[in-house]
Amino acid sequence: GCMQSRVYTFTVTDDCGNDATVSTTVSRDYDETAPIIVAIPDYKLDECNEAWPTSLATTWSDNCAAGGQIS
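Residues 18 to 88 in my numbering are what the sequence shown spells out, letter by letter.
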């Protein structure tokens, strides 16, 4: 993956104008892998007046998600 970082800075000032600042860096390795969709085979109608399919379905998966059904 690719590392992403974000710096968060917090500053507090009291009633007398004194201040304190602290920073922290949060980093993460983010997902660069595309999900995978299982190919839907070509569909051939065998008869001249056969109806078009009303639905086609397949599944998908991902390295960072549960995956599921596509219809």
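Heads up, some of the hints might be wrong.
To be verified - Pairwise CB distance ranges, derived in the manner of DEER restraints: (1) D63 x Q21: 50 to 60 Å; (2) A83 x P58: 23 to 33 Å; (3) R23 x A68: 25 to 35 Å; (4) T38 x A82: 18 to 28 Å; (5) D48 x A74: 51 to 61 Å; (6) E49 x Q86: 22 to 32 Å; (7) S22 x T50: 13 to 23 Å.
What the hints contain is simulated information worked out from the structure, not anything from laboratory work.
If you're wondering where the values come from, they're calculated on a predicted model, not measured in any experiment.
Here a beta-carbon is modelled for each residue, glycine too, at the ideal position from N, C-alpha and C.
Hints, verified against the model:
| no. | hint | result |
| --- | --- | --- |
| 1 | D63 x Q21: 50 to 60 Å | holds (52 Å) |
| 2 | A83 x P58: 23 to 33 Å | holds (24 Å) |
| 3 | R23 x A68: 25 to 35 Å | violated (54 Å) |
| 4 | T38 x A82: 18 to 28 Å | violated (38 Å) |
| 5 | D48 x A74: 51 to 61 Å | violated (25 Å) |
| 6 | E49 x Q86: 22 to 32 Å | holds (25 Å) |
| 7 | S22 x T50: 13 to 23 Å | holds (20 Å) |
Of the hints listed earlier, those the structure fails to meet are numbers 3, 4, 5, in rising order.
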